[in-house]
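Sequence order for the protein chains is A, B and C.
So this note's numbering is basically just the index in the first sequence, starting at one, shifted up by 37.
So this note's numbering is basically just the index in the second sequence, starting at one, shifted up by 37.
So this note's numbering is basically just the index in the third sequence, starting at one, shifted up by 37.
Note that these hints are calculated values from the structure, not bench results.
Only a predicted model underlies this, so the values are computations on that prediction, with no experimental measurement involved.
Incorrect hints may have been included.
[Unchecked claim] Straight-line alpha carbon distances no greater than 27 angstroms define the calculated DSSO-like cross-link-like pairs of lysine-lysine that follow: (1) B/LYS363 x A/LYS233; (2) C/LYS233 x A/LYS378; (3) C/LYS99 x A/LYS136.
[What the hints assert, rightly or not] Heads up, incomplete: computed chain A residues facing chain B, CB under 7 angstroms, no partners named: (4) VAL139; (5) ILE151; (6) GLY152; (7) PHE155; (8) TYR156; (9) PHE160; (10) GLY332; (11) SER336; (12) PHE356; (13) SER358.
Beta carbons are placed, not taken as given, at the ideal position from N, Cα and C, and that holds for glycine.
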Amino acid sequence: MEFTINQIAGMLAGEVKGKGDDKISMLAKIQDAKQGQISFLSNPKYEQYIYTTQASAVIVSKEFVARKEITATLILVDDPYISFTRLLEEYHKLVSFQKSGVEQPSFMAENSTIGKDFYRGAFSYIGSNARIGDNVKIYPHAFIGDNVVIGDNTIIHSGVKIYPDTRIGNNCVIHYGTVIGSDGFGFAPQHDGTYKTIPQLGTVIIEDNVAIGGNTVIDCATLFGDATIIRKGVKLDNLIQIAHNVEVGQNTVIAAQTGISGSTKIGENCILAGQVGIAGHLVIANNTGLGAQAGISKSIKEPGQRLMGSPAYEFGEYFKSYAVFKRLPDIQQRLRELEAKMQNAKSNSLPVD
Amino acid sequence: MEFTINQIAGMLAGEVKGKGDDKISMLAKIQDAKQGQISFLSNPKYEQYIYTTQASAVIVSKEFVARKEITATLILVDDPYISFTRLLEEYHKLVSFQKSGVEQPSFMAENSTIGKDFYRGAFSYIGSNARIGDNVKIYPHAFIGDNVVIGDNTIIHSGVKIYPDTRIGNNCVIHYGTVIGSDGFGFAPQHDGTYKTIPQLGTVIIEDNVAIGGNTVIDCATLFGDATIIRKGVKLDNLIQIAHNVEVGQNTVIAAQTGISGSTKIGENCILAGQVGIAGHLVIANNTGLGAQAGISKSIKEPGQRLMGSPAYEFGEYFKSYAVFKRLPDIQQRLRELEAKMQNAKSNSLPVD
Amino acid sequence: MEFTINQIAGMLAGEVKGKGDDKISMLAKIQDAKQGQISFLSNPKYEQYIYTTQASAVIVSKEFVARKEITATLILVDDPYISFTRLLEEYHKLVSFQKSGVEQPSFMAENSTIGKDFYRGAFSYIGSNARIGDNVKIYPHAFIGDNVVIGDNTIIHSGVKIYPDTRIGNNCVIHYGTVIGSDGFGFAPQHDGTYKTIPQLGTVIIEDNVAIGGNTVIDCATLFGDATIIRKGVKLDNLIQIAHNVEVGQNTVIAAQTGISGSTKIGENCILAGQVGIAGHLVIANNTGLGAQAGISKSIKEPGQRLMGSPAYEFGEYFKSYAVFKRLPDIQQRLRELEAKMQNAKSNSLPVD
Chain A
38 MEFTINQIAG
48 MLAGEVKGKG
58 DDKISMLAKI
68 QDAKQGQISF
78 LSNPKYEQYI
88 YTTQASAVIV
98 SKEFVARKEI
108 TATLILVDDP
118 YISFTRLLEE
128 YHKLVSFQKS
138 GVEQPSFMAE
148 NSTIGKDFYR
158 GAFSYIGSNA
168 RIGDNVKIYP
178 HAFIGDNVVI
188 GDNTIIHSGV
198 KIYPDTRIGN
208 NCVIHYGTVI
218 GSDGFGFAPQ
228 HDGTYKTIPQ
238 LGTVIIEDNV
248 AIGGNTVIDC
258 ATLFGDATII
268 RKGVKLDNLI
278 QIAHNVEVGQ
288 NTVIAAQTGI
298 SGSTKIGENC
308 ILAGQVGIAG
318 HLVIANNTGL
328 GAQAGISKSI
338 KEPGQRLMGS
348 PAYEFGEYFK
358 SYAVFKRLPD
368 IQQRLRELEA
378 KMQNAKSNSL
388 PVD
Chain B
38 MEFTINQIAG
48 MLAGEVKGKG
58 DDKISMLAKI
68 QDAKQGQISF
78 LSNPKYEQYI
88 YTTQASAVIV
98 SKEFVARKEI
108 TATLILVDDP
118 YISFTRLLEE
128 YHKLVSFQKS
138 GVEQPSFMAE
148 NSTIGKDFYR
158 GAFSYIGSNA
168 RIGDNVKIYP
178 HAFIGDNVVI
188 GDNTIIHSGV
198 KIYPDTRIGN
208 NCVIHYGTVI
218 GSDGFGFAPQ
228 HDGTYKTIPQ
238 LGTVIIEDNV
248 AIGGNTVIDC
258 ATLFGDATII
268 RKGVKLDNLI
278 QIAHNVEVGQ
288 NTVIAAQTGI
298 SGSTKIGENC
308 ILAGQVGIAG
318 HLVIANNTGL
328 GAQAGISKSI
338 KEPGQRLMGS
348 PAYEFGEYFK
358 SYAVFKRLPD
368 IQQRLRELEA
378 KMQNAKSNSL
388 PVD
Chain C
38 MEFTINQIAG
48 MLAGEVKGKG
58 DDKISMLAKI
68 QDAKQGQISF
78 LSNPKYEQYI
88 YTTQASAVIV
98 SKEFVARKEI
108 TATLILVDDP
118 YISFTRLLEE
128 YHKLVSFQKS
138 GVEQPSFMAE
148 NSTIGKDFYR
158 GAFSYIGSNA
168 RIGDNVKIYP
178 HAFIGDNVVI
188 GDNTIIHSGV
198 KIYPDTRIGN
208 NCVIHYGTVI
218 GSDGFGFAPQ
228 HDGTYKTIPQ
238 LGTVIIEDNV
248 AIGGNTVIDC
258 ATLFGDATII
268 RKGVKLDNLI
278 QIAHNVEVGQ
288 NTVIAAQTGI
298 SGSTKIGENC
308 ILAGQVGIAG
318 HLVIANNTGL
328 GAQAGISKSI
338 KEPGQRLMGS
348 PAYEFGEYFK
358 SYAVFKRLPD
368 IQQRLRELEA
378 KMQNAKSNSL
388 PVD
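Given the sequences, and given the hints that come with them, work out the whole structure.
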């Protein structure tokens, strides 16, 4: 599959500067690209490579001013990074092996329905009364429980397990091994020291355009009619824990191994780094940023803060304290010396008293 | 499915105050409940809702004294929370789709046995010489290795993987994607810098009434005859790591993403919050409580402590230190000022020396 | 299956001291071993047991000098621990049920190939154009995507999911539920607050002699031609997160629940404890040791360091600071007292000024 540079520029609404008829067959990083490949320059620290790259074409900003000669053909655009990701996306659609049809053996209950242009991999399982939209890809070993509803263009990868009654929107991607709708961690302590399991009867709702990584777990809500909710546009990484009755606000991004305890409500457009832990029954304001390994034990009411530490507080303040923490043995020593001097001073002045 | 309030009260050994013949078809939270639904009041901070709820019935404590008029019918019991969870449980049994029989294709070795009233989902796998009790539900894609023993009334959810020789008790629930019996992390360093794998030949024993969340991993013990042991009544959340030769004492509860290193022995009735890390070869006393993200590097000998921090120590002491940590830049500044003053004082007094 | 002590000593190139014709049928720990079993003594703190053990044979160091009478037959070797692990390994090969052949139903695309002496479990899936070597064991519910290449003697356990285009070497073991090649967590922020998914088009390369635990996730690289790389001899534990474009150097060992962010390069022979978090785009020098729960936010340039804390720094220094941290309330109090004394001193001396 090959395209001319002019064809690519047309797709990106960019302007060609150089040989627009040259052919492109592959995308690559600017420092590695070879003839016949296209790359991009966005971060100024890679500027040096544009003068030496063997790429046939480079996507650059309209604002870019070359300081030396460039042999590659340029495609000038507003935002080279966004243009390149768009290109990647189109390319991916074209080259990825488009799975379709049914591989056998697979299992689908008779009273369930699936729209057109679907793929159902071998050993995939669809329970009773499921309603699945158009162009949905269900990979091998995926488990879709009874009464699950899935929108259009959603991809359920291999080994994903979706409990009964879950609702998933359009254009979602759920990666291998992720579990959606498992029982929340609810146990009522009994007088004899044992715990009684509180049945978890709620569901999970995943809205449109949500991406979820591998081996993540999202628990269902506890009571009938309640749902753990992942709002539209949310991106969850691998190995994340989302407990029962949590709500994650739209366009919030959560990195790997973060855990959110029961009934906590995360705002919109938040960015949570990896290994963050958030206690239960909290409310986290919109646009909150949490540093890696932060621990959150209280609600965050003011939007737009960046927090760090466990328990977490303002990012810069945390690092100031931590800088002093590293000098604590010295500080303790200086305190001892001051105490000794003060003692001496007092002793010396004793006769005067 | 509907019950009268009198029927429900009978089941709970409660006393009806109001219209016992009204019908109930659903359970709900007191603030959300509608006509035909039943709710409960346990936490006093929700008392306001009992005066406005549209629930047809509310379960309350015998001790409850109303301060305003209540329209709902009341069921008076000793402990409303426990009664409500009991009701949830009964309801769950009734309404949950009772899977039974065999879905095809599924795999079970000829020399394995399973008791009565079982469910074996499509694509479930049972290896050689397994012994499985009555009323066991094995969901699609579950893997039961050779020689595994499972008691009665246990539920093995979709995608659970149980290695050969594991023993699981009665009334257990193991959620989607959890791995039981994988090789412990044992490698012997060699002189050339490589590692030789130490074969892991032990097993895992899970006693009765254990609940395990999704995508958790429990490693087998290292040597023949040894076992990693999860005692009766233990509740494990999602994404937990239990290393080889660990023992978790009965009725201990462990929240998500906590990790326990090899050969550590956790006592009974402990509560471990999320993302806790415990080093290897330790003994943790009964009734220990560990705060979220705590790191434990030494054995805990005295029972009943609550610990926090990494390395962890007494909860309240930790927070006192942390409060000062947040003021460290100020403390450093005050120390500098004292030093300067002392220096001045000394300089001023120099002529006197 | 039984061996004489002489046969075992021959295998280990050891010298027999005692009854070489006695029979051994099992391996066990020195404190638990019974007649007919063999054990070893390596750690001096277990020396007491050699005088009381009922083991028929004990493997000990050539240097070992008995202080009392020993009834067990001894096998003298250079390194008892290494000899015992070698024995465990041999024993494991002999007694473990050697799975082979194909269980049905299973799925393998027609244009894929697998070498001799293979096992393909029921419900295992091998996509198109896969190339799999000799003596490879693929357990039930394993998923091998299109174009995957696997070397000889590698074991793919139940429920492992390997994305298309992944390359795996010889003598690897991948435990249950692990995901290899899932999409990296790459999203380009858009002007309207949403994120656009950056297609992840790279692959994963796993070299020879790598062991990977259960429910771990390794993301693929972002661009064509790039790979997330796990070098030969690496040992990864359970529930680890390896992000896109990471490289883990040879013979590095990483404990459970550690997470490594995108594009970070870990050196050779490093040891990372559990729950460590490493930020993206860093370089970690060879032979680095990271303590449990350490957080790494900057590259580590000098090899051989041991670090602790979050952000992490030198191990011993961290613990010195932490010791003072625990006394911070006292230090604050002493500072206040000094300030008060200084204030008094000043007041007292005021008239003198």
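Hint check results:
1. B/LYS363 x A/LYS233: Violated, because 40 angstroms separates the two Cα atoms, which is more than 27 angstroms.
2. C/LYS233 x A/LYS378: violated (64 angstroms)
3. C/LYS99 x A/LYS136: violated (63 angstroms)
4. VAL139: This interface hint is violated because 14 angstroms lies over the 7 angstroms limit.
5. ILE151: Since chain B brings no Cβ nearer than about 17 angstroms to A/ILE151, farther than 7 angstroms, the hint is violated.
6. GLY152: violated (22 angstroms)
7. PHE155: violated (18 angstroms)
8. TYR156: violated (17 angstroms)
9. PHE160: Interface hint status for A/PHE160: holds (5 angstroms vs cutoff 7 angstroms).
10. GLY332: OK, holds: A/GLY332 within 7 angstroms of chain B, min 5 angstroms.
11. SER336: It is violated, given that the least Cβ distance between A/SER336 and chain B is near 15 angstroms, above 7 angstroms.
12. PHE356: violated (10 angstroms)
13. SER358: holds (4 angstroms)
Checked against the numbered hints above, the structure breaks hints 1, 2, 3, 4, 5, 6, 7, 8, 11 and 12 and satisfies the rest.
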